[in-house]
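Throw the hints in and build the complete structure from the sequences for me.
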Amino acid sequence: MQRVSLRLLAVLAALAMLSAACGSDSDDTSGASGSEADVAAESEEAADADDADEGESDAPADADEGSSEGQRLIVGTQFLDDFVSRSIVGFDTPPAYSSVLAQFVFDGLLELDPTQGYLPVPDLAESFEVSDDGLVYTFTLREDVTWHDGEPFTSADVVFTLTAALDPANQARTAADLAAVASVTAPDDVTVVVELSRPFAPILQSLSLPIHPEHLLGAELEAGTPPGETDYAAAPIGTGPYMWAEYRPGEQLLLDANPRYYKGAPAIPEAVLVDVADYDVAAARLAAGEIDLSEVTGAQLGLVDGLDGYAVNTVPSTNVFAISLNVADPLLEDPRVRIALNNLVDRQALIDLIEGGLGEPALSPLINTSVEIETGTSLATDVEAGAALLEDAGWVDEDGTWTVDGEPVSLRLDDGFAPQLAEVVASSLRDQGIDVQLNTGDYSDIFGQLFADPSGFQLFTYSFGAPTDPDSIYILFHSQATLANGGFNAFAYANDDVDAALDRARDETDVAARAEAYAAFQEAAAADPAYILLHTAPVHMVIADSLDGWDPGLVEYQFVRFLWWNVEEWTKS
Amino acid sequence: MTRYVLGRIATLVPMLLVVCALTFALLDLAPGDPALRIATQLANGPPDLSRVDELREELGLDDPLPVRFGRWLGGVVQGDFGRSAIDGSPVTERVLDALGPTLLLTGSGLLVSIVGGLVLGATVGLLPDRGPGRLARRAIMAMTGVSFVIPAFLVALGGLWLFAVVLGWFPAGGMSDPGEPRTIGATLEHLVLPAVILGIGTNLGVFTRLIAAGVEEQMDAEFVRNARSRSIGRRRIVSAHVVRTSIIPLIAQVGASMAYLVGGAYAVEVVFGWPGLGRMAVEAAQDQDVTVILAVTVISGLVVVAGNLLADVLLGVIDPRVRLARSDS
Amino acid sequence: MTTPALSVRDLRVDLRLPRSTVEAVRGVSVEAERGCRLALVGPSGSGKTMVARAVAGALPRSARVRGHIEATGIDLRAERPPGLVAMAFQEAAAAFNPTRTIEWHLRESCRVAGVDPARAIPGAIEAVGLDPSHGSAYAFELSGGQVQRAGLALAIVTSPGLLFADEVTTALDRETESEVLDRLGSLARSRSMTVVFVTHDLALVERWADEIAVMDEGRVVERGPCARILSRPSAPETQLLLESRMPEVTLDALRVMGVPDRPDREGASDLSPADDATVAADAVIDVRGATKRFEGKRGRRIDALDRVDLSVGAGERIAVVGRSGSGKTTLLRLLAAVQQPDAGVVSWNGQDVNGLDRRSLRSQRWRVQMVFQSPLAAFDPCHSVADIVAAPIRSFPDRCAVEVGRRIDELLGAVGLDPDLAGRRPDQLSGGQRQRVAIARALSVEPEVLLCDEPVSSLDANLRRSVIELIARLCAERGMALVFITHDLSPIPLLCERGVVMEEGRIVEQFRVGSPRLEATVAPAEPPSESSDPATLRS
Amino acid sequence: MSDRHRLAAGLRPGLRVGTVLALGGLVFLVVLAVVGPWVIDADPLRTAAGPPNAAPGTDGHLLGTDSLGRDLLARVVVGGRASLLVGLAVSISALAVGSIIGLAAAAGPPWLDWLVIRLLDALTTVPFLVLVLALRAVLAPGVWSTVLVLASFTWMPVARVVRAQVLSLRGRLFVEAAVIGGASRSRVLFGHLLPNAAPPVLAVASAVCAEAIIAETTLSWLGLGIPVETPSWGNILVDAQREILIGNWWSLAAPAVAIAITIACTGLLASQGRRVDVT
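Chains as they are written, first to last, in our numbering: chain A, 510 to 1082; chain V, 341 to 669; chain W, 13 to 551; chain R, 6 to 284.
These are calculated hints, taken from the structure and not from any lab test. Treat the numbers as computed from the prediction; the structure is a model and nothing was measured. Glycine included, every Cβ here is placed at the ideal spot set by N, Cα and C. Be a bit skeptical, because a hint or two may be false.
[As the list claims (entries may be wrong)] Facing chain W, a subset of chain V residues (Cβ under 8 angstroms, in silico):
1. Glu557
2. Met559
3. Asp560
4. Phe563
5. Ser569
6. His581
7. Thr585
8. Ile658
9. Asp659
10. Arg661
11. Leu664
12. Ala665
[Unchecked claim] With the Cβ distance kept under 10 angstroms, some of the chain A side facing chain R (calculated, not the full set):
13. Gly811
14. Asp855
15. Pro928
Spelled out as structure tokens, the structure:
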């Protein structure tokens, strides 16, 4: 039970998804090479399927779907306790994985629609306008929404939630994402005005955090009770499709359908989130028929393939596994060495061994994003090219072992969350004559040491994924995005061309101009790589055949909550 | 007798204190800065350094060790185990929630080992050591030997897969079916498989051999030969004489095996998703959530101490030699 | 001729051990008329107990029985009617389930035999002279004598026709022993019970039995009325048993042989303690004013010494007599310098041993060697006989002129043992052989003084005499002084010239032993101090 | 914890040949672990050396391959090095620490004896796993930290046995007889006390060795034992646990059999110890 603790990287801990009509197609398309075109096609198909559903959602779903009566949606999930304690206490917003629970019980001002490239779409806010200077956002709220306890939903609740999230006393985890918010005001019951201190494109995503009822949580927070210890936290009230019924710590969370849900009452009357220790236990519970759906990794595919009554839905995701390179390390300073490392690593072995053959080689950080750019091939696996580059960089191949100034080269690879991945990478580099010393450990240990003092590291397993809006790789590659000011550029990678391209892309609103900027970024990053890019990992969802309505769209590891965006439409026969 | 029990408690309590102090000091040696580790966890990414200092001050990490230990102990005595080092949520409630299921599992696991040990042990002890009897004895010994070769978690995983998944005789985890109310019946149904596996995985082997050796030896004891000469039937000899005398070493061994049992229960809890202290302890260790580890240590210590005490009292009840020795010492 | 109470024909009993089979009984045929008191006598290992157990049905599980066993016409091998045959065991305490009271056992027997407990139990308890209050006690709470009586009560509570008593008095002191025998005799008469008394001690049988059957090596070698067997034994084994008996000797008898000397008695004595000081001049070992206090259980003083003076000249042989707890063992330990006195001086050859530093004391150790009561406990279980005997020589090589190997053979020969026993381990030897090895070890460094702590009291009666004679011969041949502790006075005439009597830690009397005479008088003797470990003397 | 394994050694202790068999088995395993890597040319860390989860015998892999396609024979042999090291190092350190504390308790002042007994009771009341979890939170994973963690819980039974042995032997008559026979203190200690105390103490030590190897497996399963870059029977078993559920028994069988042999040998040693133990 090598517990994979993935605080940072949501993809391996995503909740289960249903496999809609496109489920079967996705199996064959994912096999194809990860070219841009395919992915785009993928999202259109999902969109068509979605239209069909669209029709249904207008009419209340429960009447003619008699079959879901008395049924129960049983979901296997890891970290159930973290969901409960953090999603309420931490005012979590996407992309935090713990906000998945929020999608069941709460709604946000806006909602990212995975079938439209995660475009923010109206949820509790009917519509919104943005001022020309992009600093003032005005939201008009729906008037037909009530809380689970029957109280009306008003702008006061939105103001209360945002102010509480910004209040440092509550230790809200989203405070950083909402840093740009200067003020939140409610001129009237149905309007909320948010003023920013500086333009911040991703603010719409941050603003879709779960909205909490002011009339319940407000008083307790005023009284100074920490959010985690409020009575409200023990039985939260939201506006979402399901209502909180009973929580059995460490075991399961029971939810009932919300009859007054503004998008129509959910078809399945009850939902249960069942806690599973790890993927093996999840596979066992699936095999025993106790849960309807759960995510598994490549390692469990053997256990669940051909399980009667279930189907394994493998869906591509934007998640990219990579090895972060310490560009300041003397051995790795020379960009040619870093390109060579990309050429030498055996990506197909990784895909076969780790993902059961179902991943795609990743040759650019911008894989699977909405920006239509051609993926470069300079980093592809090409042993001869890699060897040549190393020789150019002054490395000497002494009968199969690379040496620098007579010393055999040995690189240290640290891993905090994917030991098996690290072992395969180390082994494939050793096959090419570069000795790799592996140091695996616990996530918080390794990352803690990294954040404290990056200089001690050389290679470091990492995983990221640009959600549709590629801007999020800004914090990975931009020289300003160092650890100190909240970025993830751990090894202070600095490349002027990359910085210029990213800044340009961030300010550019015209789609074509942004694409051109990101293409320039991609080329510059490929010439001076900060990572050994490995492969994309699909998400494997094992789903009972009796469930219907899962429409994954393009799974983005960071937006795992969007696996549940249409849960109210699901049916179980 | 009660004087003896009070005496035992008087010695056990300071012992627990010693263990708490040891664990507290141990955890304090953790390399790296707890505040940084917590901040990293909370921020779900690079921590902002101001937050780290706040946490350090909040948790009073700069106070000397004895002061912090005193504060923590003060809380524990009043039943407050403090706050989780990771997300600040109160630990006491979580630990007490988890105590019930752990006691249920540990208790029934012990029962399985004892009953299994008695039945199998007596059979081995009574079977003649020739012909088919010898074969049966060897088979039982080998079967009970499994717990010495295969670790508890493997026995648990194998058992879960075989009995819950392939054969489907038992539910595959948790204390109740998803969504169903936690009735006594449901809990029992969910308890059977983990308890049996815990029993087999930890102490069944030891107890069986103990009883087997005890019964075999007792069956040839002088007072049994005397009973035979007084024409007392074999069945009565076993029930009235041999069982009572051979159960005495078993009870003593139960006391000694409590620690091993509770440890084994943790592995079974993790595999069967049993919402007990084990799961909590394992996750706390991996998250390095110091407060939860301490809380679980204290509670597990209490469970083991209580087990020891119970075994001691039972020993006094069953073995007059012990009872008399204790009354005049 | 009524059917015999007991009729055994061609009885064979084999014991299956893990790696061998022992033929304990090799074809025994014996009969006993109703009401007869038969004594089954023989050395240990002669199979007498196995015969008793075979009839009573108390054989070990590993035993296999062949032949005919009948009691009052009922074939016991076919069926065993409850309450017909009963047995009282040597280890009475072990014959009771430790978790059940005595009364519980009695009631169990009554229930099985269909006897009315209300009448039978008080009757049995009263018949064996057991204190009724002990009925509700557990076996381990009772003293040796009481538990032996309880064992008897359990045997006779169902008033069996045939009773086997297997060495029931061996562990008892003289008084209790004779009392239990008398009760057994009266029971036989009052309940017209046939009693078979199993023992190795002829002295007991003489007084008690009607008939005697002598066994050796698993067979009955001779059978007949008691008087004939004892006076005109025909089988050689019986003669050996008779000869090895030592005459009973009493203190008064000793006094007749020697000069009584009791300061608090009016008669003057030519050997008052004061005179003893003068003899000290050439004393090889001497103790002046030795005082030793022990904190016993609950603060009571045990085996303390109070200003004891004793002096032993070269080659002189002294006996130290007294009840257990009289301080004789502590005196011996002071003499052997394994314990220091609280006050007083112990000297070897005029040198105060307790004044020496550890190294020089050790260099003098060869002078005083010791033989212990239970030889097995005095040997290191990991060592062979050769190691044991040679150990002192390794510490004092100069005391041994020849090569160690030859010296070992020499020593084993001197004590009458076959030299190729050297390779054996002590637990593979018999009791007598072990004690001879202990003596060989003591001799190995040609000591000046030999200390003996009840060397024969744990041996079988028939072995004691030969060991005593060996010690006497060796002391005479090698001019060794001897300090011989005993509670049984019988060996003294064969061994010592004079002796002292100790009570409450003081020498209360000295006596000189004339030429040893063999007339036998039966007299009470001290109970043997069971524990060989001096530190835990039972009060 | 130790008496668990002494009892496990079976009802009837083995013969003299049992000791030879046990020692022979252990020596074979140690030699295999030390020399193995040179004899077996396969690299235990080389992934994709063959198809993943290949059955034993497929293209030259005697024991088959694990989930990452690594040669199982190489991994079990090299893994043996880590596991046996843990087993032996833990039992040796437990023996050392236990003997010292046991001797101090028996030979030292009565208050020290009382203290040691109370400490032994205190430490045995807490479940091994919890304290290991606590210690693990402190130490970074690795072979030597695993040894340290396990050793700190396994010295107690050794201390108990050593103390009992010394106390009982010191009072024995044959020690006094040896003194009278002129033996020096060192002769008494090494000639008499040690040879008699050795078998039961060694029995406990070999039981601790078996316990340590199993504990290392449980630790690795919890992610707290020996990290994956150093193969050990523990982490091979952990990788294999998933495969067994699909029916690929061989990846589990290889380490399990190795552990079983070691436990059997140490068990036999333990029972030999018990047979000679004449107290």
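Here's how the hints hold up against the structure:
The beta carbon of Glu557/V comes no nearer than 11 angstroms to any beta carbon in chain W, farther than 8 angstroms, and the hint placing it at the interface is violated. Residue-level restraint check for Met559/V holds (minimum Cβ-Cβ distance to chain W is 6 angstroms; threshold 8 angstroms). Among the interface hints, the one on Asp560/V holds; its C-beta lies about 5 angstroms from the nearest C-beta in chain W, closer than the 8 angstroms criterion. Hint on Phe563/V holds. Least Cβ distance to chain W is approximately 5 angstroms, under the 8 angstroms limit.
Interface hint status for Ser569/V: upheld, as the beta-carbon distance to the closest one in chain W is roughly 4 angstroms, under 8 angstroms. Because the closest C-beta pair between His581/V and chain W is about 5 angstroms apart, less than 8 angstroms, the hint holds. Interface hint status for Thr585/V: upheld, as the beta-carbon distance to the closest one in chain W is roughly 6 angstroms, under 8 angstroms. Nearest Cβ of chain W to the Cβ of Ile658/V: about 7 angstroms, under the 8 angstroms cut. The hint holds.
Interface hint status for Asp659/V: upheld, as the beta-carbon distance to the closest one in chain W is roughly 6 angstroms, under 8 angstroms. Hint status for Arg661/V: holds, given a least beta-carbon distance of 6 angstroms to chain W, under 8 angstroms. Taken as an interface hint, Leu664/V checks out: its beta carbon lies about 7 angstroms from the nearest beta carbon of chain W, inside 8 angstroms. With a cut of 8 angstroms, the hint placing Ala665/V at the interface with chain W is violated, because the nearest CB-to-CB distance is about 10 angstroms.
Evaluation of the Gly811/A hint against chain R yields a held restraint, the C-beta minimum of about 4 angstroms falling below 10 angstroms. Hint status for Asp855/A: holds, given a least beta-carbon distance of 7 angstroms to chain R, under 10 angstroms. The restraint placing Pro928/A at the interface with chain R holds, with a minimum CB-CB distance near 4 angstroms, inside the 10 angstroms limit.
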